[in-house]
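Got chain R; can you put chain P on it based on the hints?
First to last, the sequence lines map onto chains R and P. Residue 134 in our numbering sits at position 134 of the first sequence; the count goes up by one each step and never skips. Residue 67 in our numbering sits at position 67 of the second sequence; the count goes up by one each step and never skips.
Keep in mind that the hints are not guaranteed to be accurate.
As the list claims (entries may be wrong) - Under the rule of at most 27 Å between Cα atoms (straight-line distance), these lysine-lysine pairs were calculated in the DSS-like manner:
#1 Lys19/R <-> Lys67/R
#2 Lys30/P <-> Lys149/R
#3 Lys107/R <-> Lys13/P
#4 Lys66/P <-> Lys52/P
#5 Lys114/R <-> Lys19/R
#6 Lys59/R <-> Lys2/R
#7 Lys136/R <-> Lys30/P
#8 Lys66/P <-> Lys19/R
#9 Lys30/P <-> Lys123/R
#10 Lys107/R <-> Lys76/R
#11 Lys52/P <-> Lys122/R
#12 Lys52/P <-> Lys123/R
#13 Lys122/R <-> Lys13/P
#14 Lys47/P <-> Lys136/R
#15 Lys55/P <-> Lys110/R
#16 Lys114/R <-> Lys13/P
#17 Lys107/R <-> Lys66/P
#18 Lys47/P <-> Lys27/R
#19 Lys66/P <-> Lys110/R
#20 Lys47/P <-> Lys149/R
#21 Lys19/R <-> Lys52/P
#22 Lys30/P <-> Lys122/R
#23 Lys122/R <-> Lys66/P
#24 Lys52/P <-> Lys136/R
#25 Lys47/P <-> Lys107/R
#26 Lys67/R <-> Lys47/P
#27 Lys55/P <-> Lys2/R
#28 Lys19/R <-> Lys47/P
#29 Lys66/P <-> Lys41/R
#30 Lys55/P <-> Lys41/R
#31 Lys114/R <-> Lys166/R
#32 Lys52/P <-> Lys110/R
#33 Lys67/R <-> Lys107/R
#34 Lys67/R <-> Lys56/P
#35 Lys56/P <-> Lys114/R
#36 Lys30/P <-> Lys52/P
Don't read these hints as lab results, they were simulated from the structure.
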Amino acid sequence: MKVENYFLKYAFPCSFVLKQRGEIDDKIIARLERAAINNDKVSRELLERVYFRAFFRIKVLAEELEKDYWDLEVIKEYFLKRHNELLDGMFNDKDDKGLDVDPKAPKFLKNLCKVFVARIIKKGEDFLVVEYDNGKRRVVSNALVLEAKVGDNVSIHYGYAVELLK
Amino acid sequence: MCLAIPGRIIEIKESNAIVEYYTSERVNAKIVEGSYREGDYVIVQAKLVIEKVPKKEAITWLNALKENES
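Isolated chain R (complex conformation) (with noise of 0.2 Å):
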C-alpha cells in the first residue's frame, strides 16, 4: 500500500467533522472516502491541504526523527503513538499553536479520536463489534478492513476499524 493511502485510512475517519465544521463539502469527502476504501491514487497536496492539523504535527515529529515527513515509519509513529499523546496533552511543544486540541474537551469524546488496537468480537455485513481499552465495546465500519474477522486485532479510529493486526 502507498504512504499516502495508508496516511488516508488513518485520517479519513475524521473527516466527518471536517465537513460539520464547513472546512470541506461532500464532494472532497466523497472523494476521500472512495480513495480510503479503494485505495485510489490520492495526491499529497490534496491530503496535506485537507489535514493540515495533523502535518503540523507530523513535522515535528518528522524532525524530531531526522526522516522525511512522509517516510511511512513517521505516519505510522504518528498515528499509532503521538496523535494519542497529543490528545492526553502529554507532549509539550513549544511550537505547538494548539490547533484544535481543546482542554475542555469531554474525555469521552477525546476517547473517539485515540487510535486504539482492539479485538473484533462480533461481525455484521458493514460493521464490527470491538472490545478496546479494559472492555469498552464500540461499533465500527468494516469498510476498511473487509477481511477482518472475530478474533483478530485491528487499530480503531473514531467509526472505523483502519488496519489489521498481526
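This is chain P only, laid out in the frame that chain R set:
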C-alpha cells in the same frame, strides 16, 4: 485532530435511528449493538450508531461548540 460531534436520537423504528444535530441536520443510522432510547446522544459514522455519549458531557460540549461559533 478530530473532536466528535454528538447528535440526539429523535426517533427509533426497529433498528433504524433518526439522529438530529444542533445544525438541524438529520441522518439515519443503524443500531447494531446495545440498547438506545429516544433522547440519547450518540456518535454516528458510516450510517452506524457507534457509541452513546453521556448526556451531560454531550450537552456541555455542544454548548461549547455553539459558543465558539457565535
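Results of checking the hints against the structure:
Of the supplied pair hints, the one linking lysine 19/R and lysine 67/R is violated, its CA atoms being roughly 31 Å apart against a limit of 27 Å. A hinted pair counts as satisfied when its Cα atoms are at most 27 Å apart, and lysine 30/P with lysine 149/R qualifies at roughly 20 Å. With a C-alpha separation of about 31 Å, the suggested pair lysine 107/R and lysine 13/P falls outside the 27 Å cut-off, and the hint is violated. Of the supplied pair hints, the one linking lysine 66/P and lysine 52/P holds, its CA atoms being roughly 21 Å apart against a limit of 27 Å.
For the proposed pair lysine 114/R and lysine 19/R, the alpha carbon gap of about 19 Å is at most 27 Å, so the pair holds. Restraint check: the Cα-Cα separation between lysine 59/R and lysine 2/R comes to about 19 Å, which is no more than 27 Å; the hinted pair holds. For the given pair, lysine 136/R sits about 20 Å from lysine 30/P by alpha-carbon distance, which is consistent with the 27 Å threshold. For the hint linking lysine 66/P to lysine 19/R, the alpha-carbon distance of about 16 Å falls within 27 Å, and the restraint holds.
At most 27 Å may separate the alpha-carbon atoms for a hinted pair to count; lysine 30/P and lysine 123/R meet this at roughly 14 Å. Note on lysine 107/R and lysine 76/R: the hinted pairing holds, with a Cα-Cα distance of about 24 Å set against a maximum of 27 Å. For the suggested pair lysine 52/P and lysine 122/R, the alpha carbons sit about 18 Å apart, so the restraint of at most 27 Å is met. The hinted pair formed by lysine 52/P and lysine 123/R meets the criterion: a straight-line CA distance of about 20 Å does not exceed 27 Å.
For the hint linking lysine 122/R to lysine 13/P, the alpha-carbon distance of about 23 Å falls within 27 Å, and the restraint holds. For the given pair, lysine 47/P sits about 21 Å from lysine 136/R by alpha-carbon distance, which is consistent with the 27 Å threshold. Our distance criterion of 27 Å between C-alpha atoms is met by lysine 55/P and lysine 110/R, whose separation comes to about 15 Å. Straight-line distance between C-alpha atoms of lysine 114/R and lysine 13/P comes to about 32 Å, which puts the hinted pair past the 27 Å bound.
Simply put, lysine 107/R and lysine 66/P have alpha-carbon atoms about 19 Å apart, close enough for the 27 Å limit, and the pair holds. As the CA atoms of lysine 47/P and lysine 27/R are separated by approximately 18 Å, the hinted pair is consistent with the 27 Å bound. For the given pair, lysine 66/P sits about 18 Å from lysine 110/R by alpha-carbon distance, which is consistent with the 27 Å threshold. Distance hint between lysine 47/P and lysine 149/R is fulfilled; the C-alpha atoms sit about 21 Å from each other, no more than 27 Å.
Simply put, lysine 19/R and lysine 52/P have alpha-carbon atoms about 21 Å apart, close enough for the 27 Å limit, and the pair holds. For the hint linking lysine 30/P to lysine 122/R, the alpha-carbon distance of about 16 Å falls within 27 Å, and the restraint holds. For a cut-off of 27 Å, the pair hint linking lysine 122/R to lysine 66/P is broken: about 37 Å separates their Cα positions. Among the hinted pairs, lysine 52/P with lysine 136/R is consistent with the structure: their alpha-carbon atoms are about 12 Å apart, no more than 27 Å.
Distance restraint check for lysine 47/P and lysine 107/R: the Cα-Cα separation of roughly 24 Å lies within the 27 Å cut-off, and the hinted pair is therefore satisfied. Taken as a hint, the lysine 67/R and lysine 47/P pair is broken in the structure, with Cα atoms around 38 Å apart against an allowance of 27 Å. Of the supplied pair hints, the one linking lysine 55/P and lysine 2/R is violated, its CA atoms being roughly 41 Å apart against a limit of 27 Å. Proximity of lysine 19/R to lysine 47/P is assessed by CA-CA distance (about 15 Å); at most 27 Å being required, the pair is judged to hold.
A distance of roughly 37 Å separates the Cα atoms of lysine 66/P and lysine 41/R; the hinted pair therefore is violated under the 27 Å criterion. At most 27 Å may separate the alpha-carbon atoms for a hinted pair to count; lysine 55/P and lysine 41/R exceed this at roughly 41 Å. This hinted pair checks out: lysine 114/R and lysine 166/R have alpha carbons roughly 20 Å apart, not beyond 27 Å. Taking the CA atoms of lysine 52/P and lysine 110/R, the gap is near 14 Å; set against the 27 Å cutoff, the hint holds.
A threshold of 27 Å between alpha carbons decides the hint, and for lysine 67/R with lysine 107/R the separation of about 33 Å lies outside it, so the pair is violated. At roughly 44 Å between alpha-carbon atoms, lysine 67/R and lysine 56/P are farther apart than 27 Å, so this suggested pair is violated. Proposed proximity of lysine 56/P and lysine 114/R is supported: the alpha carbons are some 21 Å apart, at most 27 Å. For the hint linking lysine 30/P to lysine 52/P, the alpha-carbon distance of about 13 Å falls within 27 Å, and the restraint holds.
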